[in-house]
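Participant: The lines below spell out each chain.
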Amino acid sequence: MEVTPLHRSPPARLLELLTHPQISEAVCAPPSQCAGEEKRVGTRTVFVGNHSVSGTEAYVAQRFCDNRIVSSKYTLWNFLPKNLFEQFRRIANFYFLIIFLVQVTVDTPTSPVTSGLPLFFVITVTAIKQGYEDWLRHRADNEVNKSTVYIIENAKRVRKESEKIKVGDVVEVQADETFPCDLILLSSCTTDGTCYVTTASLDGESNCKIHYAVRDTIALCTAESIDTLRAAIECEQPQPDLYKKMNQISLVHYQPRINHCGPRFVGRINIYSNSLEAVARSLGPENLLLKGATLKNTEKIYGVAVYTGMETKMALNYQGKSQKRSAVEKSINAFLIVYLFILLTKAAVCTTLKYVWQSTPYNDEPWYNQKTQKERETLKVLKMFTDFLSFMVLFNFIIPVSMYVTVEMQKFLGSFFISWDKDFYDEEINEGALVNTSDLNEELGQVDYVFTDKTGTLTENSMEFIECCIDGHKYKGVTQEVDGLSQTDGPLTYFDKADKNREELFLRALCLCHTVEIKTNDAVDGATESAELTYISSSPDEIALVKGAKKYGFTFLGNRNGHMRVENQRKEIEEYELLHTLNFDAVRRRMSVIVKTQEGDILLFCKGADSAVFPRVQNHEIELTKVHVERNAMDGYRTLCVAFKEIAPDDYERINRQLIEAKMALQDREEKMEKVFDDIETNMNLIGATAVEDKAWTEHQEYGLIIDGSTLSLILNSSQDSSSNNYKSIFLQICMKCTAVLCCRMAPLQKAQIVRMVKNLKGSPITLSIGDGANDVSMILESHVGIGIKGKEGRQAARNSDYSVPKFKHLKKLLLAHGHLYYVRIAHLVQYFFYKNLCFILPQFLYQFFCGFSQQPLYDAAYLTMYNICFTSLPILAYSLLEQHINIDTLTSDPRLYMKISGNAMLQLGPFLYWTFLAAFEGTVFFFGTYFLFQTASLEENGKVYGNWTFGTIVFTVLVFTVTLKLALDTRFWTWINHFVIWGSLAFYVFFSFFWGGIIWPFLKQQRMYFVFAQMLSSVSTWLAIILLIFISLFPEILLIVLKNVRRRSARRNLSCRRASDSLSARPSVRPLLLRTFSDESNVL
Amino acid sequence: MEETPQHCLSRLPDNSALKQQELPAHRLYFTARRVLFVFFTTGIFCLCMGIILILSARSTQEIEINYTRICANCAKLRENASNFDKECTCSIPFYLSGKMMGNVYMYYKLYGFYQNLYRYVRSRSNRQLVGKDVKAVEDCAPFKMSENKTPIVPCGAIANSMFNDTIILSHNINSSVQIKVPMLKSGLTWWTDKYVKFQNPSSKNLADEFRGTTKPPNWPKPIYDLDKKDPRNNGFLNDDFIVWMRAAAFPTFKKLYGRLNRTHHFIEGLPAGNYSFNITYNFPVTRFQGEKSVVLSTLTWCGGNSLFLGLAYTVTGAITWLASFAMMAIHITLKNKQMSFFHQ
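Here the protein sequences line up with chains A and B, keeping their order. With the working numbering applied, the first sequence corresponds to residues 1 to 1085, in that order. With the working numbering applied, the second sequence corresponds to residues 1086 to 1429, in that order.
Note that these hints are calculated values from the structure, not bench results. Since this is a predicted model, take the numbers as computed values, not measurements. C-beta atoms are modelled at their ideal positions from N, C-alpha and C, and glycine is treated no differently. Hints may be right or wrong, so weigh each one.
Claimed, not checked - No farther apart than 30 Å at their CA atoms in a straight line, the calculated lysine-lysine pairs in the BS3-like style are these:
id : chain 1 : residue 1 : chain 2 : residue 2
1  : B       : K1161     : B       : K1171
2  : A       : K1044     : B       : K1420
3  : B       : K1220     : A       : K371
Stated by the list, open to error - Which residues of chain A face chain B? A few of them, derived with a C-beta cut under 7 Å, are:
id : residue
4  : H51
5  : S52
6  : D364
7  : G763
8  : G852
9  : F1011
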């Protein structure tokens, strides 16, 4: 994992936190739980076929949910209330609702339509969108729920709808069908009771996984025979997989390697034979078939439903991710509060002044404007309150509904550009980038620190076996026999070679100690042996090792009936019975197999990280190998140590018993297994070590600090200790000073912890995590922006990420170009929205000083309503989608530009004040310009006079033109769409005004706008004034743009000469310490 | 992977200009020459415009005579609403030093009269004014109905407070001969007001049509008696009424009262000499501490004699020029620096 501060300071710091999935180390001890008694509360008992098992005490029917999947949120009946409720929970919507209600109830100057219509529009659009999405979910649910399945009832095959499956039903599934619920595999129609399953639809992994039937029920292959089975299954109550729960982060490292064994599951089956004596068998993930997975290469299977409907692992894991909010969104809320404050202040000032003004009787009630009886009778306090509300309503446009609509639309539409970008298209996997959330587009332009997983992210995850050492002797670059190929370069291996037996043992270990499968093609078994073998494994390391062994003459031929077949150097086939596999996990960081040779010897082979293996072998063997391992690690290879031990038959008996016992445990199975494993993997003999190269995408890179997981755990986890905080801050300080920090051998949990630690730094920097494997999910979820690589390690990371791209190299364009542009666009959008509404409302506020604070609106209701919806909405939307203030190529090639917008630069106080003052200036110009214009006797040569509506219309016209032209001035990238929208909006305004004033509208009481616009335009002075006022309003902006341009030009010149000197000093030529990672440019990235 | 190229193609994003953000676009580049050219032209335009406007405004004449204090006794009388039926006239002599050429317009101007109060602006009935339903008074509070529950025509606060002074301008050729200056009371309104928004009920006899209604409380006579001589200036079509009904934007405002009928003696405008306004003082302004005056004005193509627009243009033009000179200076210094930079 790597942390790259993007712009904090030169030199850019890289903090590399490296993790090898194979050799990450256990750091936090599992929370100690009482492993003694098994509690019954957390388990459920399922009776196979719903046949009660005689002999058991009272049959208590447990109630389970049915097999209906409900991913939809609404039904036809509750859609309206529920959706409305949820929409009005958003503060903005609620605010607008309040304004609307005030307008309806209190006699306010603007009609409820002005705010009701936009609100209605927003609510409707959102409701339609959500309704449609929910309809899609309903349809998908129905497809799943109504699909036909076959259930065995009374020894007959009964056809049913999927949703009718009950827990305990025996289900028959045919090849290429998906499992309708979580099933325990009882039997498949193969002799060994295995079946192949692909989980492509769940996590994108298309390789087949083997699942095993319970041993005692393998034979029950027909509907009749399976019906005779009497068994009860005890298993845990459904619970989602732990890695989803971020709040229980301390448990994250339990997260199973999805690739290896599927989700966590433990259970026990009690089979009652005729003798009524129960036989208990353990159930594990390998017996569990998940809903949503597909049966492959197997004719049919019988399984018993254990979890149904919403209790299936799939449904439980289908939970919305916690919502991430971008920095821009937080700024919007801050601005909102400022503007809300302005609004309240304005309303309060106006109310106060109104009552001050009315304190003289002739102002309170002049003879020409007498109060109605009702008005005289109302309480003064009440009147003041309604006045306050009225002013609020009058000025409420300062916080526009439409901004939220536009922001949403901008985000939604804008995110398409990422998935459309053909630069992100990768031919190998035939896919482009994927956007899982559009809420964080702009956050891509704000990243301070990058955390990256190394394996598969920075590297290609295509591994190659480079060398090995056997008993301290180095072997390298072999193509034929081992004999005579020992390298002579190292001082240790000079004319020295390991014992032949040891060599063979080592190679056998490589061939046996793994979970690699042979891809079964349609061909007959015989063919696979001769033809090219295709190895499949979730871990590319293992394949590299098996292939490496092959180069030395030992070929793994696959599993047959529990026997691993290996072809040795003499082309003889050796068979080993696979007794146990002690699976790899991130905590133990090693795996073992126990096999039985043809001669009957029982051997244990173990491979794992040096730190996990060295303590478990006899000491004197370590030294020689250790040197090798360390040298290889320095060269950036992934190293694994191989050890073995012989197990005496007696010991094996004991081990076997312990293992089975642990596997049977219902509670705390993992801890128990771990303990047994621990006991077994001791006192081994070290044979050697391997080095595998993981090809990196790019070139070398230096690091400032290298720290490994166990040290890190001291820093992070020594909790409750005041000194730990001290360590933490020292660690952080060192990190800040480094270009890059490399953290190796970490548990997934630690990745998240590191991210969280950096996230909580002063100034809360924006973090980005990028990774490709399930072990990166925690950090992807933890950081501000999570990016998944659609790599070889499955789709877990991509599915949990906010954005996913095919390759690490795509990050560059994603951040530098897309992120930068999105940020600039949305920041401008937000500023512009507040600006244009302040311009809009300020004249209205000023007008109150000239109309006795009587809440007389300056603009007609139609203008009030249409301003944000029609006249000024599209240009800014087009701008915020299309603007490229700097072209994409320049952005990608000059990372310095990215630093310019760091720290939310465009939404800081400075720019905000600039926009606010600009708006205030313009609003004042509009109002007073027109005010002075109106001081003349007449604006027309025929002496006719204009009224208040003409005044408002002139102000409004100047406003619309200024605001639109201001955007035109800001636009640097004029596509035909911009032209169309900007000039179109202005034309529409003129057209609308003519139209609105051209007709006596039958539904309006007041025809106040009738011919106002046309009459206004018949005056030459008005034309001249409008043009002048627009020009004056824009003048500061024009000057600023011109000056900026001058400055930029000189700055560019400075830049180019600085760059020249930079290239001279170049990069210090220190030998790369550990890894090859970022490219030269991405160093400054 | 069985899926063939077709599948591959479908996943490859479209290579369209829009989707790749590569729409052909025009970028704005500011070259110094272009910017300076635009600035100088704008400056010239503004300056020229300003000078023209100032000259035109200067060519007009305007006389304003405030008669609030001059007619103090009348003002005093009107302060008490109960004296509404007592007539009060007031004559204000003045001397016109130069002749007013061309069309002369007479305005009355009110100070401190808030025609733009929210409730006031709304207190009118357009349905009534358009002649469709003279009894439609819903929006006219507090002047909807008289005390005996008959609808008021025209209803509402605006109509009720209509300016009702009579102003007659006389030209005193010498101490004995006084000629009444002929004033036209037509063409004072917007065309659309007179012909669309305000209509009398269709009947010939207006008084019949308005039967069953009451005049506004402040009015001395009903609407159908506003101008008995000219039926096209009577009822809702009365120009003074229509002018009043268009609410002014600010508390100080002028409204057109009449225009000079250029016949006989006044064919060229108002000749210089002694004039007097004979005012029938009805409209109370001192009650709200307001003032009123009469304005005589000539107009040009750009309206009245306000210098604002002309000055604004001139100042803007000057500033634009200043800015462009400053920019030129910056440009030249930068250019010189660049030269030296390269010479090194």
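Participant: Next step is simple, just say for each hint if it's right about the structure.
Facilitator: Consistency of the hints with the structure:
1. B/K1161 - B/K1171: holds (12 Å)
2. A/K1044 - B/K1420: Measuring from Cα to Cα gives roughly 16 Å; hence the hint holds.
3. B/K1220 - A/K371: Cα-Cα ~22 Å, so holds.
4. H51: Violated - the Cβ of A/H51 stays beyond 7 Å from chain B, reaching only about 44 Å at its closest.
5. S52: Result: violated, 48 Å to nearest chain B Cβ.
6. D364: Since chain B brings no Cβ nearer than about 10 Å to A/D364, farther than 7 Å, the hint is violated.
7. G763: Violated, because the Cβ-Cβ distance from A/G763 to chain B comes to roughly 32 Å (cut-off 7 Å).
8. G852: holds (5 Å)
9. F1011: With a minimum Cβ separation of about 4 Å from chain B (threshold 7 Å), the hint on A/F1011 holds.
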